[in-house]
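Please model the entire structure based on the sequences and the hints provided.
Protein chains in written order, with this note's numbering: chain A, 10 to 301; chain B, 558 to 816; chain C, 62 to 315.
Hints were generated in silico from the structure; no laboratory data involved. These numbers were taken from a predicted model, which means no experiment stands behind them. We treat Cβ as the ideally placed atom computed from N, Cα and C, and that holds for glycine. Honestly, I wouldn't trust all of these hints.
What follows is a set of in silico ranges between Cβ atoms, one per label pair, in the way DEER data are often shown [said to hold, decoys possible]: (1) A/Pro288 to C/Gly222: 30 to 36 Å; (2) C/Leu204 to B/Ser600: 26 to 32 Å; (3) B/Gln694 to A/Ala195: 46 to 52 Å; (4) A/Arg192 to B/Gln631: 32 to 38 Å.
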Amino acid sequence: MNHRTRSILSFLGIVASLAVIWEGYKWMGQTTGGTWPYTTVRLPIRTNARSMPHLWDIAESLFQPARRGGEDILLVILLRSAWFTFRSAAGGFLVGSAFGFGLGILFVRSSIAERGLMPYVVASQTVPVIAIAPILVIWGGRLGLPQAVQVAVIAAYLAFFPVAINTLRGLRSPAATATELLRSYAASPAQQLWKLQVPAALPFLFPALRIAATASIIGAIVGELPAGLSRGLGRAILGFASSFSSAPEKLFASVAVSALVGILFVGLVALVERSVVPPNRRVTVDAERPLA
Amino acid sequence: MTPTISLDNVSMVFGSGTDAVKALEDIDLAVQPGEFVSLIGPSGCGKSTMLRVIGDLISPTEGIPHVNGKSPHQARLDRDYGMVFQSATLLDWRTVLENVALPLEIMGVDRPERDATGRRMLDLVQLDGFANHYPWQLSGGMQQRVSIARALSFQPSILLMDEPFGALDEMTRERMQMELLRIWEETETTVLFVTHSIAEAVFLSTRVIVMSPRPGRIVDHIDIDLPQPRGFDTREHQRFFELITVVREALRAIENESP
Amino acid sequence: MTKIRSYGPAIAIFVGGLALWELTVRLFNIQGFILPAPTAILAAFAAETSTLWRAGLATFLSAVSGLAVGTAAGVLAGMAASRFTLIRDGAMPLAIAANSTPIIVLAPVANAWFGLTSPIGTVVVVAVLVFFPVMINLVRGLLSAEAQELELMASYAATRGTTLRKLRLPAALPYFFSAMKIASALALIGAIIKEYFGGPQERLGQYITLKAGLFQFEEAWAAILLASAFGIAMYGLILFVERKAMPWHVSVRS
Numbered sequence: 010m011n012h013r014t015r016s017i018l019s020f021l022g023i024v025a026s027l028a029v030i031w032e033g034y035k036w037m038g039q040t041t042g043g044t045w046p047y048t049t050v051r052l053p054i055r056t057n058a059r060s061m062p063h064l065w066d067i068a069e070s071l072f073q074p075a076r077r078g079g080e081d082i083l084l085v086i087l088l089r090s091a092w093f094t095f096r097s098a099a100g101g102f103l104v105g106s107a108f109g110f111g112l113g114i115l116f117v118r119s120s121i122a123e124r125g126l127m128p129y130v131v132a133s134q135t136v137p138v139i140a141i142a143p144i145l146v147i148w149g150g151r152l153g154l155p156q157a158v159q160v161a162v163i164a165a166y167l168a169f170f171p172v173a174i175n176t177l178r179g180l181r182s183p184a185a186t187a188t189e190l191l192r193s194y195a196a197s198p199a200q201q202l203w204k205l206q207v208p209a210a211l212p213f214l215f216p217a218l219r220i221a222a223t224a225s226i227i228g229a230i231v232g233e234l235p236a237g238l239s240r241g242l243g244r245a246i247l248g249f250a251s252s253f254s255s256a257p258e259k260l261f262a263s264v265a266v267s268a269l270v271g272i273l274f275v276g277l278v279a280l281v282e283r284s285v286v287p288p289n290r291r292v293t294v295d296a297e298r299p300l301a
Numbered sequence: 558m559t560p561t562i563s564l565d566n567v568s569m570v571f572g573s574g575t576d577a578v579k580a581l582e583d584i585d586l587a588v589q590p591g592e593f594v595s596l597i598g599p600s601g602c603g604k605s606t607m608l609r610v611i612g613d614l615i616s617p618t619e620g621i622p623h624v625n626g627k628s629p630h631q632a633r634l635d636r637d638y639g640m641v642f643q644s645a646t647l648l649d650w651r652t653v654l655e656n657v658a659l660p661l662e663i664m665g666v667d668r669p670e671r672d673a674t675g676r677r678m679l680d681l682v683q684l685d686g687f688a689n690h691y692p693w694q695l696s697g698g699m700q701q702r703v704s705i706a707r708a709l710s711f712q713p714s715i716l717l718m719d720e721p722f723g724a725l726d727e728m729t730r731e732r733m734q735m736e737l738l739r740i741w742e743e744t745e746t747t748v749l750f751v752t753h754s755i756a757e758a759v760f761l762s763t764r765v766i767v768m769s770p771r772p773g774r775i776v777d778h779i780d781i782d783l784p785q786p787r788g789f790d791t792r793e794h795q796r797f798f799e800l801i802t803v804v805r806e807a808l809r810a811i812e813n814e815s816p
Numbered sequence: 062m063t064k065i066r067s068y069g070p071a072i073a074i075f076v077g078g079l080a081l082w083e084l085t086v087r088l089f090n091i092q093g094f095i096l097p098a099p100t101a102i103l104a105a106f107a108a109e110t111s112t113l114w115r116a117g118l119a120t121f122l123s124a125v126s127g128l129a130v131g132t133a134a135g136v137l138a139g140m141a142a143s144r145f146t147l148i149r150d151g152a153m154p155l156a157i158a159a160n161s162t163p164i165i166v167l168a169p170v171a172n173a174w175f176g177l178t179s180p181i182g183t184v185v186v187v188a189v190l191v192f193f194p195v196m197i198n199l200v201r202g203l204l205s206a207e208a209q210e211l212e213l214m215a216s217y218a219a220t221r222g223t224t225l226r227k228l229r230l231p232a233a234l235p236y237f238f239s240a241m242k243i244a245s246a247l248a249l250i251g252a253i254i255k256e257y258f259g260g261p262q263e264r265l266g267q268y269i270t271l272k273a274g275l276f277q278f279e280e281a282w283a284a285i286l287l288a289s290a291f292g293i294a295m296y297g298l299i300l301f302v303e304r305k306a307m308p309w310h311v312s313v314r315s
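Structure (structure tokens):
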């Protein structure tokens, strides 16, 4: 059995065990009446159909009408929401990544800019965006920006950070001898940047872009919450959270779809990475990961 | 007298099927106690593989190696040999003294004794002032001396050295060679030394073993009958040049043989 | 002198930025619900100190508890995954996939499971957020020991446990600390977002939601800055411990 098949089997095995744990825990709770077996100690999570629907019920709910009498099934509604969120996220991702890349170049060229701004770049990620979202909404409203753009701004706020950090790291990665070689050709600073530093930074850039992809989805979902939007995954989750007691499986289904959107966006970036960065040049970089 | 190291008909194949690479073929070798034996040959001739077989870091596909009359596995468990690699392989998070004492620590020697032995070993490689430095504060040559001190710290009867001076500059290299010979005489260890420098092999060894590549085989044993102890005049000795020529011709014979 | 050179620009931007902010608000007579002046935020902070402080501490406590639980779980899972190849082959892709998802959407689920008034929900969400980066980095760190270092340990007939303690764990430290830096920021922000979805009163997340809803942005900004200060303090603490724990590492060497 080669490594790839073993990896896939192990992956599926772990996913299956998690499903078994979910259903097994539920079964145990139903059998004992909500306590640990042979004790009177209550289980930490209730196991009734309200708290933990069967996995198949969650899957089934995707294919049933989302509203009583409504025509569209939940899956369609969620996919529509996901598309709306993804568009804002992708816009924020592009703007944020470009901004982060620009910051990286600025910092590598000017140490005063780096020393002056870097602390605030780091500090920016300790600001809870959910808190600034309502403020941005008011600003956006004043400027007459569409709501999707307001959401995209929050996505960009989260996405720029890993890109800035890793671009800087990557631009600094060429060996001193490589820099000296270009200097010996009297290459201009711009030539050094585009012929040496930027190509060297690519392997560092992509791991950051993968992180930025997730970050932008998070930013978009979180940004939708206070914006009072009627569309988007964030909105859907908030809505299904409030109707949780009557239809819990819908919340779980929307959580699953959100997870899928994140994975697909990261997968998309990874696909581009594959065609741009050859395998032998890939690096594992643990970029400082922001989150909302 | 049982040889310190003996290999009988040892072969080593990496991979299988069409990808199989024969790294060692029918190796017979006996190293007597106190000998200083160098393995020399072009890259890919299996010198390092042989060292790893003897050190039980890999198992041969065929044949029986013995170290001090035991299996290499038992010899490793008994800590019969110390290993020195081309790169010093010092642990970044340990001071020089802690690096030297690492094997003793693993063997459960208590702290005061470890420190005392470690300091004695640092004396031996003339780094007594650097006990509390970290590896990155040392030059490449100094780092390699630390790794030799570490290999000697538990007084193994054998030193297995894999191109230990390969990355050093010529001046440092010659000084290290002198130091190694001095240590070898003082500690009466048996040394198996991998190198691809002809002059280094001749200068250090009591015997040079010439190997050919793909598959790795022993093609020649050359006894080095230079007077002991060796010193700076050894390198100007008439016999030194003659022996270099002998080794060089043995190596050239391999080249002509295999296109 | 070198200190002034390295911190000078940052301090200049801080002072200059604040002055510019204050001036803009005053000169253009910008209303508080659009952008409150720094002095107004400061005044709001002074007026609300005890409420803010109580809410901040409660949120901070949840975040730190979640960080501790998630880190412990991540370290254990990372050690298991690095020890058993079969688990690692499946668990690493799964962890990387999970880390690509917006984990924070578990917040309403946690509310449903543990109840709106229980702080446990926040701790659990933060722990899950923290778990994946810690686990992934720990596996990478534990596997980062080089072949020759492992051969060296083998040549001393070191047991698996000894190799773990003397080689693999120290080699994993830099990876662990970079995960902790990520995790510390995650923990606090995650706690605040979770609180937005609901949770006990007198928490920063609830406070900010409430004040922003009432258009009292001076108070909201004061809370945001307090949250940020907690985040920076946590980050700084981890940097400090990192320096103490691994003075030998490239990133720390003086």
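Tested hints:
Taking the beta carbon of each, A/Pro288 and C/Gly222 are about 35 Å apart, inside 30 to 36 Å as hinted. Taking the beta carbon of each, C/Leu204 and B/Ser600 are about 28 Å apart, inside 26 to 32 Å as hinted. Between B/Gln694 and A/Ala195, the C-beta spacing of about 37 Å breaks the proposed range 46 to 52 Å. Between A/Arg192 and B/Gln631 the beta carbons are some 58 Å apart, a value that contradicts the proposed interval 32 to 38 Å.
Checked against the numbered hints given earlier, this structure breaks hints 3 and 4; the rest are met.
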